[in-house]
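Trainee: So the sequences go chain by chain: R and D.
In terms of the working numbering, the first sequence has 86 at position 86, counting the first letter as 1, and numbering is strictly consecutive.
In terms of the working numbering, the second sequence has 25 at position 25, counting the first letter as 1, and numbering is strictly consecutive.
Hints are computed from structural coordinates only; laboratory data are not their basis.
Glycine included, every Cβ here is placed at the ideal spot set by N, Cα and C.
Heads up, some of the hints might be wrong.
These stretches of chain R come out as covered by chain D in the derived footprint (C-beta under 8 Å, 3 or more residues) [unchecked claim]: (1) 66-76; (2) 86-94; (3) 101-114; (4) 125-135.
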Amino acid sequence: MSGRYEHPHAGFSLTVPMPFAILEEAADRAILGLDAPGDSTLVLMVEALPGDMRADELAGAGLEALARELGAFRLIDRASAGIGGERGVRTLSSHVADGRAMTLEQWRLAAGGEGLILTGSCPTLEYSALAEVFDAVAASLRR
Amino acid sequence: MSAYREIDVRREGRRAAGRLEAGVARLLVPRGEDLEEIVVPEDALPDALARLLDLGPRPVSPAATPVRTSVEALAAALEPAGWEPAQPPGGGSAEDHEAIQGLLAAGHVHWRVEVREGPSSGAPHALDLEVLDTGVGLWLVQYDEAEVELSPATATAVFRRLAALVSGH
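Sequences are here, hints too, so could you generate the full structure?
Mentor: This is the structure:
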């Protein structure tokens, strides 16, 4: 069974799908993890943006940072996407962390000096099984 | 003999082949006149295949819709790339050929990946993925007897299928 989650301060809500659960909540983020041992997470972050930064610029800056920080980073996809009724940018990338191949799918929205970044991360061999869950959470995002 | 899976990659008439065994993938990949061996852990194989096939962001037209044609028309349009259709050719029409030619007009790369159980598994089973990488985006190639459907796809959708080929789910 899935449930609706509303962050108490950051002004966003989303559907928490089974088998995920809220693991951590902070002023600017919520972290969802699989309700079982594993490395798959969904993280939603709110970020103050300079001026009138657009989602595409937010994605560009974010991808540059990932390329600097992650080992064997590779961008697989980057496209405009509908996210919870707004237009944003969806990206897919891969990297290696602690010797494991990981896949990162991200959705970014930007408006009114605020950015919203949803990141689904999982071991690459689990990606095909989790991709639809990531999609569903992105589609459920509201602010 | 231990269980293993065979990997077969065909791209524009060139072929890379190898096997996945005990958590390690070994592929012999053509480089010029030589063969280069690529060795990666199983979980890195989807990404290694993505690199080999040059999978990356592509345009996706919101208006793009599936194109259905005969295997024969597709084979004719893809000549002379050395493509061998996975199904026997059926009849084709001039309209089929025209539709495919339009899709391929801006250039294309055709590739296919197959991962199948080795003979020792006792349960022959193969998963495959065939794609046309064109100037107007990526198209999944899916067979239905003598016909074939080309469906527009994002690089994300293609990578999901590559990951599924390796993970088996």
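Trainee: All hints, please: hold or fail.
Mentor: Hints, verified against the model:
| no. | hint | in the structure |
| --- | --- | --- |
| 1 | 66-76 | holds (count 4) |
| 2 | 86-94 | holds (count 3) |
| 3 | 101-114 | holds (count 3) |
| 4 | 125-135 | holds (count 6) |
The structure meets every hint from the earlier list without exception.
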